[in-house]
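Student: The whole structure should be built from the sequences, with the hints applied where relevant.
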Amino acid sequence: AQRVTQPEKLLSVFKGAPVELKCNYSYSGSPELFWYVQYSRQRLQLLLRHISRESIKGFTADLNKGETSFHLKKPFAQEEDSAMYYCALHFSGGYNKLIFGAGTRLAVHP
Amino acid sequence: EPEVTQTPSHQVTQMGQEVILRCVPISNHLYFYWYRQILGQKVEFLVSFYNNEISEKSEIFDDQFSVERPDGSNFTLKIRSTKLEDSAMYFCASSGQGYNGYTFGSGTRLTVV
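So the sequence lines, in the order shown, correspond to chains A and B. Per our numbering, the very first residue in the first sequence carries number -8; after that it's consecutive. Per our numbering, the very first residue in the second sequence carries number 7; after that it's consecutive.
These aren't lab readings, by the way, just hints derived from the structure by calculation. Cβ atoms here follow ideal geometry from the backbone N, Cα and C, with glycine treated the same way. Hints are not guaranteed to be accurate.
Said to hold, decoys possible - Each computed DSS-like pair below joins lysine-lysine, with the alpha-carbon atoms no more than 30 Å apart:
1. K64/A to K48/B
2. K0/A to K89/B
3. K56/A to K89/B
4. K48/A to K64/A
5. K13/A to K48/A
As the list claims (entries may be wrong) - Going by beta-carbon spacing under 8 Å, a handful of chain B positions derived as facing chain A:
6. K48
7. F51
8. E62
9. S112
10. G113
Tutor: Structural data, given as C-alpha cells:
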C-alpha cells in the first residue's frame, strides 16, 4: 500500500540552526515525491519536487530509494520558515492522486 | 501567476443542511480534485475529476458527496446532508497534463453546528 510517513509532528529549532524534516514513503512503483508548505492560514504551496532537484528558499530534498526517504533540509533556518510542511507522494495509478504525510510543524525561534 | 479560487472562505451550516463549495480551477488544467483537512489532522484525498467524470474517490467520499463541473469553469463539491464530522478545511486543486504538481486553492473552512 502507498504510504507517506512523517515521524515528527513538531520540530523546534533556533534561527540559524540546521533543519531536517523527515519523510519516508512506501510505494512499489517509481515514486514522485513533493514537499508542500502551508504558512499560517494560507493555502498549500508546492515547495519542492524531487524530479527538478532544485533548491527553493534554501531548502533541498534528495530522494533516497534505498532508504525510501525524501528528507527536507535547510542549513540555516529562518524565522519565516515557520510553517507546516507536508511530504506527498504522487500516485500515478490513480489519475495523479497525491498521498500526504501527516505533516511536520517547523517552529523557528529567534 | 494563475490561482485556484475557492468560495466561500468560511461556511457555517446546521447539521443536516446541504452545502455547496465552489472552486474555479486554473483555466487550462484538466484534472480537478477535492481534499479535506480536519483540524489537526492530515490532508486527505476525497475525489479526482477528469474528462467530466469522477476518476477516483476515497472511502470518505460516500453518497452524501457529489462533484460537478456545471459550466466548464466552476468545479463544485456538494454535501447533501452535513454531519458534525464534516467540519473541516476543504481544498480544491487542479493540475495540467504531464503532472508537475497541483495548484491548491486557499480552502473553504466548513463548520457544521
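Student: Identify every previously stated hint that the structure contradicts and give their numbers, smallest first.
Tutor: 3
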